[in-house]
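We have chain A; now place chain B onto it with these hints.
So the protein lines, in turn, are chains A and B.
Each residue of the first sequence is one higher than the one before, starting from 692 at the first, in this note's numbering.
Each residue of the second sequence is one higher than the one before, starting from 1151 at the first, in this note's numbering.
In case anyone wonders, no lab produced these hints; they're calculated from the structure.
In this text the structure is predicted, and so the values were computed from the model without any measurement.
Glycine is no exception: its CB is placed at the ideal position from the N, C-alpha and C atoms.
Hints should not be assumed to be uniformly reliable.
Said to hold, decoys possible - Not everything, but these chain A residues come out facing chain B in the computed CB check (under 7 Å):
1. Pro712
2. Ala713
3. Val716
4. Arg731
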Amino acid sequence: MPLQEVFPALMVRCFFAKWGPAVFVRHVELPPLFSRVFRRAGFSLEMTGGMSPHPRVSLGPPLPIGVVGCAEVLDVGLRVSSLEELLLAPWREVEPLGISVLGFSEAVGRLSEAIDSAEVFLRVSSRGPEEVLASLSSSGLWRSVLSHRPCGGGLVLVHQDPFGFSLRALVDELRTAGLASGWEDVEMARRGCGRFDGAFRALLPRLRVDGGSRWAR
Amino acid sequence: MGYPLSALRGLKDPFRYAPSEWGVPPLKEEARLRWCLLFPDVYEVGMSYLGFSILYWLLKSLPGVDVERAYAPWPDAEELLRRRGWPLLSVEGKRPLLEFDVVGVTLQHEMNYTNVLASLDLGGIPVLSSRRDERHPLVVAGGPGALHPEPMADFFDAFLLGDGEELLPEVSQLLLEHRPKGTDRGELLGMLSRLEGVYVPALGRRRVRRRVVADLDGAFYPDRLIVPSSPIVHDRVSVEVFRGCSRGCRFCLAGFTTRPVRERSAGRVVEISRRLLSSTGWEELGFLSLSSCDYSSLMEVLDELSPSLREMGVRVSLPSLRVDAFSLELARRLDLGRKGSLTFAPEGGTERIRDVMNKQVTDEEIRRADRGVFASGFERLKLYFMVGVPTETESDLEGIVEIAREASRAARAFGGRRSVSLSLATLVPKPHTPFQWAEALSPEESRERLLRVKRALSGLRNVQVSYHDPRLSYLEGVLCRGDREVGRAILQAYRLGARMEAWEDRFDAGIWDRAFELAGVDPLAYARGRGLDEPLPWDFVDVGVDRAFLEREWRKALEGRTTPRCGPLSCGGCGVLVCPYRRSSLP
Chain A
692 MPLQEVFPAL
702 MVRCFFAKWG
712 PAVFVRHVEL
722 PPLFSRVFRR
732 AGFSLEMTGG
742 MSPHPRVSLG
752 PPLPIGVVGC
762 AEVLDVGLRV
772 SSLEELLLAP
782 WREVEPLGIS
792 VLGFSEAVGR
802 LSEAIDSAEV
812 FLRVSSRGPE
822 EVLASLSSSG
832 LWRSVLSHRP
842 CGGGLVLVHQ
852 DPFGFSLRAL
862 VDELRTAGLA
872 SGWEDVEMAR
882 RGCGRFDGAF
892 RALLPRLRVD
902 GGSRWAR
Chain B
1151 MGYPLSALRG
1161 LKDPFRYAPS
1171 EWGVPPLKEE
1181 ARLRWCLLFP
1191 DVYEVGMSYL
1201 GFSILYWLLK
1211 SLPGVDVERA
1221 YAPWPDAEEL
1231 LRRRGWPLLS
1241 VEGKRPLLEF
1251 DVVGVTLQHE
1261 MNYTNVLASL
1271 DLGGIPVLSS
1281 RRDERHPLVV
1291 AGGPGALHPE
1301 PMADFFDAFL
1311 LGDGEELLPE
1321 VSQLLLEHRP
1331 KGTDRGELLG
1341 MLSRLEGVYV
1351 PALGRRRVRR
1361 RVVADLDGAF
1371 YPDRLIVPSS
1381 PIVHDRVSVE
1391 VFRGCSRGCR
1401 FCLAGFTTRP
1411 VRERSAGRVV
1421 EISRRLLSST
1431 GWEELGFLSL
1441 SSCDYSSLME
1451 VLDELSPSLR
1461 EMGVRVSLPS
1471 LRVDAFSLEL
1481 ARRLDLGRKG
1491 SLTFAPEGGT
1501 ERIRDVMNKQ
1511 VTDEEIRRAD
1521 RGVFASGFER
1531 LKLYFMVGVP
1541 TETESDLEGI
1551 VEIAREASRA
1561 ARAFGGRRSV
1571 SLSLATLVPK
1581 PHTPFQWAEA
1591 LSPEESRERL
1601 LRVKRALSGL
1611 RNVQVSYHDP
1621 RLSYLEGVLC
1631 RGDREVGRAI
1641 LQAYRLGARM
1651 EAWEDRFDAG
1661 IWDRAFELAG
1671 VDPLAYARGR
1681 GLDEPLPWDF
1691 VDVGVDRAFL
1701 EREWRKALEG
1711 RTTPRCGPLS
1721 CGGCGVLVCP
1731 YRRSSLP
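Here chain B stands alone, though its shape is the one from the complex:
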C-alpha cells in the first residue's frame, strides 16, 4: 500500500510521492536480494541522473536480484510522513527502506548530505552505521561523493568507489551468497571490504582503488528506460557517449576522477539512441559526457541519426559546449537555436586566469563565439564564470566585466531582444584535483568580488547577472574536504532541520553556523589552503591519478602554465591506467 492519494493532494508537487510512469519493470517475486536505490534529492532531479538509471537496470538484470527506487521527500512531505507516522517508501513496491537488504545511495552533491540522513531515518534505518544490526539493510554509497568519503563515513556501512557497472554485480553476488544464510553483519562487511573498490569505514582506512570500466562498449547499458508522466529536470533520452575528459580543467572533480577517456563507439551510440527513442517516445535526445564536442564520432553519429530524428520530430541536445567555432557550427547544425539560448563557460575573465585553470580558451575565441551566437539567430547567450580561483587579481574580475560588455555590444549590434546572461559562482576547491590544496574563499570576500562584477555591469540593460550564494560554495568547500569531524556537523545540521539545501531558497546558513558550533568543529580549518606535505582526509582513496601529477599541476597553476589536452601525442603523465594515451616515461 502506498500513501493515500488524498493525503498527498495538499503537498507541493504530489507526483513526487506517487509518480505516474511508463516502463516500470515488474517486481521479481523470486528475488533473494533486494536493493533500494535512494536518490537524496527530489524525484524530478533523481529521475534525471543517467547513472542512477543505468545502475537500476543493471541490478534488475542480475539473476536473483531485484531493485526499487526511493527519493528524498521535500520538507512538506517529510512533515506529513512524520506527523502521520508513515515511513519513506520505495516507488515500485511501496516498501519502507528498512525492508530491503541493501540501500544504495548516490552522493552527487555535498548539500544533499543531510537529505541522506533524513531519508534513512524516515525509512526506519538508524542514521549512524554503528547503531545498525542484523535487522537493518546494509547502507552503501557511490557516486562522486564516495571518493572523498570521510565526512559521511559514520553514516554508511560501505562506500563503492568508481564505476558501478564493475562493482554492483560483484557486491550483489557476494551478498546473494552470504546474506540469506544470515551471515553476521561484521563478517559480511569484512568480506565486502576485500573486494577491490569497496571501503568499509568501520574496519579502518586502507588504500582503496577506484574501479574503472575499461571498455564502455562492452559495459552494461539499459535497453529500456522509465518515462515519467510529469516533467523532470532532464526530460529526454540520455546516451552517454564517453566517460572521462581529456581537457584537464584544474577545478573539475569529474575531470580527474573519471579518467581515462573511454568512448562508446558510433555504432553502439546509434543503436542505443534508436532503441531508446522508439521504445520511450521521448522527443529529445541528449548526448551526455563532460564535453560532448570532444566525442570523436559525434559527426558520424549525427549523420547517421539525423534523417530518422527529423522524421520523428526528435531534437538533439548537447550539454557542455566549448567556446569554439566547432561548437557553434554544431549548434547551428542541430538547430539548437530553437531553444533560443546557447551556453558557454569561459570560467575566467582573462587568458592568464584561464591558464591557471587550464581552461585554454583565448579572448579572441570568446569574442568570435559571442558574435557567432547572435549571428546564428540565438536570442540569448549565457556565460558562466567563477571567482576565487588561486592567484586571481582585480584585472581578472575586470576581464569578466569586459567579456560581458563585448557580448552586450554584440547582442545590441544584432538587435531585437538579444541579451546576455552572466552566471557567476565561487570556486569550490575539490579533492583529487590540483586545486585540492587551494584556499576556499571566505563568503564575505567572495560576495565582495561577485558584487564588484555585478555592479560594474549594472548599467547594461541587456545583461542579466546572477550569482550562486557564496555561503553555499564555501560550505560545499568545507564539506567536500572534510574528515569525520565534519560528519558530526552534518549530523547536527540534519537534527537542526537542514534539508534540500542544494536548492538555494532552502539554504539556511544559520543552521550550519549552529551545527558547527554544536559539533565543536571550526569550518575555517577545512576552508584554508593546505600544504603539499600535509596529509589529506582522502589520501587513502586511489582514484588512479598520481599525487605527483596533481602536485605538478598545482605548481603549474600557480605559475599560470597550461598542460595540453590528453591525446595520442600529449600525455600529461597523470598515471591513470588503461588509458590509450598513457606513456611510461614522463617529460
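Chain A extracted, bound-state conformation:
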C-alpha cells in the first residue's frame, strides 16, 4: 500500500534555532535543509504535485544572513501518525551544525496568519541602548515597533509584520545615523515570532505560535 494511504500528511509546525555557522544559510535554503533533516530522521515528506514536485514546506518570516534566530518556525507536511512520533526522533544526530530543532506543534492556519510580530535583540558595539533608542525612535521604522526595553547592554524590540519588516533597514538606519559602520558593528538575534499581546505589551508565549507546542528532547 502506498505510504500516502498509510499515513496521510500532517502539517507540522517546527520550531528551531539557527545559530553559529548556520546564520549564513540563506532563508530560501531552509526547505532543502529541513527536508534532508527530516529524511535523515527517518520521516517521509509530503510532496507537492505538478511538473516539479518538491516537499511541502512553508517558511516563517525571513531572517537576514548573519542574524541568529532563537526560535524560528516553519511548516512542513510529514507522513506521521502523531506529533509524539516526532518527539522521539534523535534530532541531535541529524541536525547540521548550527540548527537545533526545539519543538513541534500541529500547524493550524497559515504561518502568515499565525504570526503578526517578532521580538529582536539588538546591540551596537560601543553604543549604549539609550543612544540606539534615541536614534531609532526618530526614524520612520519606529512606527512598526510595538514595544521595547533595555536588555544586556542592548535593546529588545517587538515589531509588527515580520514578513515585511526589514531588519536590514534597521542596520541601514543605524549606519545613516552614524552609530554603526554596518553589520560588523551590530549584534542581532531574533528571539521569536508570534502574536503580539497588547495587554502584556509583549510577544507571548514565544514558542507557541498557536496550539500546544511540544519540546524535542
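The following block gives chain B in isolation, referenced to the frame of chain A:
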C-alpha cells in the same frame, strides 16, 4: 578557533569560510599523521567533487591518520585574511595549513593553478618547494593535472599519479613510519619517489607509471558523506558507476588517462545508493562516470532502485548523456523533463569533423534526438560544440549552424516556449590524448570562428548562443602542455593577482600577458602544433596508453578515420594493462 563570524558577514557567500554541515566525523586526537586536503577552488565547487570526498573518507578510515579539508578563498576573503593577518584554516579543526603533516591538493583545472599558490601562502607554506624545510608539511598533488606535472613542478614536493585509493594508503603508511621519527625531508622524499606512481620533481625525472585500481567493486567507497547546509554545485548523492571510458573521443583527457573501463557491479551500486540516500537525506541521486549511458548495468540498477526512489521522492540525474535514442528513452523514463532541459554534446558540426574527433554520431541521430527531446516534453535542448579541431573547415562551422537551425525548427514545431541553447568552446589540445600534437587555435582566430557561428544564428529568436572565452581556452592549452618554464609564468601571474580565473568574470588576460613577459616565456611556443618526433614535457609520465597508439590515433584523426569503441570484439590496441578487452596482437 575559527574566524569570527561577525568578520565574515560582509563577504560574498560567507558560508564558504564557516560552513554549516552535517556528518562531519570527529577529529582523531590520537592521529600521528594529519593530512589536509586542499581544493583550489571555492567550497561549493570543492564539495561537489566526488573524488575529493572519496579520498577524504579513505584517509579518515586509515588507523593513525586523520584528515581535514580546506578550500581556496574567494578574493574578497583573501583580502580579509591578509588584512587581518589570519591564515587559511581547515574546515574541521580550524588549523592553519602549516600545522599539517601533508597538504594534498587536487589539480582539476589549469585555471586554478594560481589559487593553489595563494592558498599555500595564506596557509603559511612557502609556495616554492625548494624553500620548504622540516618545519613545513609535504605538499603533494593528485588529480588529472598531476599527469602533466611540469608546469607545477616547482611548487609541489611530490605528485601522486593515478587512482588515489591505491596510492594514499601506501603514502600514508610510509609517512606514518618515518615522519614522526623526524626523518630528514630529503630522505623522506627519496623514499616516496620509490613508490610506484609517485613523482618527486626535486629528484629529477624518471619514468613514472600511473596507479590503477583494478577492481572498482573492491575499492574503497565511503558509506557516509558530509551534507552542506548551503547549496553546492552538484547538490546530491553521487555514485561512481564506472571509471574510464570506452568511447575514445580524441580530445578527451579523462578518456585516455582513466583507462581501462572498470565497472562497479549493479549490486554494489544499489547498496551504496541506498545507504547514502538514507543516511544523508539528499533528494537527488547522480550516477557518475564519463558516459553514464554506457554503464552496462544501468537498467538493472534503475529497475532495482526505482520503487524506493519514488517512495522517497528522490530524483535521478545522469550527467553525460549521449546523442542517441537510448539516452532519450532513459531521460523519459527518469522523468528528467522535470528539469526542463536536456543536454547533448555532438561537439562537431559535420559527420566528417566528428569522425576526426572520433565522436561517431551521425547527422540523422542528432536530428532524431532534437525531435525526440521536444516530443518528450522537454522545454529546452542544450547543445555543446567545439571549434578549432584539427582539419576544421568553413563547412564544419556551417554544420554547427545547420544543426542549430534544425533544432530551432523542431522547437518551433512543438510550440510553447521551447528553445535551443548552443554552447560553444574552443578545443584545448590536452597531453596524453591524440590531439596533444595539435595546435591550440589563437584567441583571435578562435573568436572569429565562434562569432561566425553566433552571427549566423542571430536571427533565430528561440536559439541562444554562448561561448567560452577563447583567451581562456588558449591559456588552458598553454598551461596544460607547458614545462617548468611555464611554471615561472604561473608564479608571476599569482604575484600579479590572478585568482579564481576558472570563473570567466574573474579572468584577466592582461595579467597573464604581463606574467609571461616578466617570466620571459613565449606562450606561442606552447600553443603551437608539435612534431611526432619532438620530446614532450609529459613523456616521462606513463598513463598506460602506448605512445604508438596515440600516434596512430592522431594520424587517423587527420585522415578522418574512426576507431571503434573498446569492447570484447574491438580492441583498438591502446596498450592499457588490466583491460578486459585487451588483446596482445594489433591489427
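Give me the numbers of the hints this structure contradicts, sorted from smallest to largest.
Failing hints: none at all.
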